[in-house]
Amino acid sequence: DQQVKQNSPSLSVQEGRISILNCDYTNSMFDYFLWYKKYPAEGPTFLISISSIKDKNEDGRFTVFLNKSAKHLSLHIVPSQPGDSAVYFCAVAYSGAGSYQLTFGKGTKLSVIP
Amino acid sequence: DTGVSQDPRHKITKRGQNVTFRCDPISEHNRLYWYRQTLGQGPEFLTYFQNEAQLEKSRLLSDRFSAERPKGSFSTLEIQRTEQGDSAMYLCASSPQGRNQPQHFGDGTRLSIL
Chain S
1 DQQVKQNSPS LSVQEGRISI LNCDYTNSMF DYFLWYKKYP AEGPTFLISI
51 SSIKDKNEDG RFTVFLNKSA KHLSLHIVPS QPGDSAVYFC AVAYSGAGSY
101 QLTFGKGTKL SVIP
Chain A
1001 DTGVSQDPRH KITKRGQNVT FRCDPISEHN RLYWYRQTLG QGPEFLTYFQ
1051 NEAQLEKSRL LSDRFSAERP KGSFSTLEIQ RTEQGDSAMY LCASSPQGRN
1101 QPQHFGDGTR LSIL
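So the protein sequences, as listed, match chains S and A.
If you're matching positions, the first sequence starts at 1 in the working numbering and goes up one per residue.
If you're matching positions, the second sequence starts at 1001 in the working numbering and goes up one per residue.
Keep in mind that a hint or two might mislead.
Computed list of lysine-lysine pairs in DSBU-like fashion (alpha-carbon distance at most 35 Å, straight line) [stated by the list, open to error]:
no.: 1; chain 1: S; residue 1: K54; chain 2: S; residue 2: K106
no.: 2; chain 1: A; residue 1: K1071; chain 2: S; residue 2: K38
no.: 3; chain 1: S; residue 1: K109; chain 2: A; residue 2: K1011
no.: 4; chain 1: S; residue 1: K56; chain 2: A; residue 2: K1071
no.: 5; chain 1: S; residue 1: K54; chain 2: A; residue 2: K1014
no.: 6; chain 1: A; residue 1: K1071; chain 2: A; residue 2: K1014
These stretches of chain A come out as covered by chain S in the derived footprint (C-beta under 8 Å, 3 or more residues) [what the hints assert, rightly or not]:
no.: 7; stretch: 1039-1051
no.: 8; stretch: 1097-1103
Derived from the structure by calculation, the hints contain no laboratory data.
We treat Cβ as the ideally placed atom computed from N, Cα and C, and that holds for glycine.
All chains, please: the whole structure from these sequences, using the hints.
Listed below in structure tokens is the structure:
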């Protein structure tokens, strides 16, 4: 049973527009949420994170929103650039139990069209 | 900051052989993690070290798998009697101590079993 779901396997966006990637999780105990970007033949690169005490975190063009009641998080990229074309993974963790393992979704492939 | 380094990048071996991978974490990070990623999936947690102590193991880590971090610096992951199902990308990550610290990944070792 998937604990983290990224329901859109792919997304195409025009350069300069907003990209919105979505992620749903099932366990309300998760309290730390991250987004990673992955290019082919490379490992995942950390982008941005948010803890459960916040509902928004911004870093430059990237903003993560957390809706705890809906168990939903999203990543907004504004403006989108061709170099943002990659697979994006959301990941969740429950640090309260002293566990630091990340549980990942299956990823969304973002294509930014020039 | 030289990043997480993994060696080798690729390994091709025959079924039944033993293989060993190495991971060098970011130097000031005392936490080290191993994940496995197969096609179309997100990374799946295998095991976690804090310094030299292995504190968490996934049920995915069968008795053919063993991981060590003898001096709290680099780590090795050994797979004995490899099987076809072991073909995957093996990723290593590291993070500093403390709550809600993002994990930083290496580029992985791709294992192919003939």
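Status of each hint after checking the structure:
With a C-alpha separation of about 25 Å, the suggested pairing of K54(S) with K106(S) holds against the 35 Å cut-off. For the hint linking K1071(A) to K38(S), the alpha-carbon distance of about 30 Å falls within 35 Å, and the restraint holds. Distance restraint check for K109(S) and K1011(A): the Cα-Cα separation of roughly 26 Å lies within the 35 Å cut-off, and the hinted pair is therefore satisfied. Between K56(S) and K1071(A) the CA atoms are separated by roughly 39 Å; this puts the pair beyond 35 Å, and the hint is violated.
For the proposed pair K54(S) and K1014(A), the alpha carbon gap of about 49 Å is over 35 Å, so the pair is violated. The straight-line distance between the Cα atoms of K1071(A) and K1014(A) is roughly 31 Å, inside the 35 Å bound, and the hint therefore holds. Here's how the stretch 1039-1051 of chain A fares: 7 of its residues keep a CB closer than 8 Å to some CB of chain S, so the rule of at least three is met and the hint holds. With a threshold of 8 Å between beta carbons, the proposed coverage of the stretch 1097-1103 of chain A by chain S holds, since 4 of its residues qualify and at least three are required.
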